[in-house]
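Engineer: Sequence:
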Amino acid sequence: MSSGFTQALSLTHDTWSGAIEQGASLLQLKDSKQFNEQILVWAVKHSEENDRITEVIKLYNLAGNYSTVVACLAQALSNTISRPSPKEKDQALEQTAVDIIRHYERMNRAAGKDREAVVRLLRIREAKDQIATGKPEVAIDIMESTELIPLSGDVAKITRRAEEFKDLHEALQRNLQAYLSLTMEALAGVHQKVKSSVIPDATRQMTLTALRRKSRSLMIFAGILKYRMSPDIYSYLARLDVEIAL
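Anchor point for the sequence shown: position 138 equals 138 in our numbering, and the numbering is continuous, going up by one each time.
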């Protein structure tokens, strides 16, 4: 991330307003409100038309529209999660999101459902990256930390979480298939590692039993929400579950 944006994030809205007011005579603007209305609004529209979502988000941040910033981040991140490998533009967006959320949490800005969704979407992307680098066990820990999928084996808890699914942020609901698949892939990855590892048999059996419990929990959860995913994805999950059970 550029040092310019980092500096912009560290500015309070009052400080930014003061800077604009100092140059108001040159810009022929009365105050920062007029700057937002006449310049930032145009800049945002121009960036949106050119599909430059990261720039749009930065401009909203400068304007002090913090709720809009996190809403845009949630929407934009939800569009990148299902891609097998992120593009350079996606990576720039994710880094911007990380920096903004860190700053907003510190400043207690834009708390609520949108910000919570951004945090969870970033965790999902982090889990995908861990799988890609050969660390499926880390990916499982990350996904469990999101509390999106109950893997404890407690059927009552799984059922309750499935019933609560409809209350999740729309960006998370839309990516159900993506994060169920990556979690099952992580479980399958650890399963393969354990099966081929040189460890005491008792440790191996205990680890495999835990993996099977998590896999079964995921399938119960997916079964309740089966109508929200394609038959191909559900079949894929079921196939991995069978492999883990062997």
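Certain hints may be false.
[What the hints assert, rightly or not] Straight-line alpha carbon distances no greater than 20 angstroms define the calculated DMTMM-like cross-link-like pairs of lysine to aspartate or glutamate that follow:
1. Lys157 - Asp167
2. Lys87 - Glu55
3. Lys193 - Asp241
4. Lys113 - Asp167
No wet-lab data here; the hints were simulated from the structure.
Engineer: Keeping to a limit of 20 angstroms between CA atoms, is the pair of Lys193 and Asp241 held or broken?
Structural biologist: 16 angstroms, holds
Engineer: Hey, Lys157 versus Asp167, does the alpha-carbon distance stay inside 20 angstroms?
Structural biologist: The hint holds at about 16 angstroms.
Engineer: Regarding the pair Lys87 and Glu55, is the alpha-carbon distance no greater than 20 angstroms?
Structural biologist: Given pair Lys87, Glu55 holds - Cα atoms ~16 angstroms apart, limit 20 angstroms.
Engineer: Is Lys113 close enough to Asp167, meaning Cα to Cα at most 20 angstroms?
Structural biologist: The hint holds at about 10 angstroms.
The earlier numbered hints are all upheld by this structure, with none contradicted.
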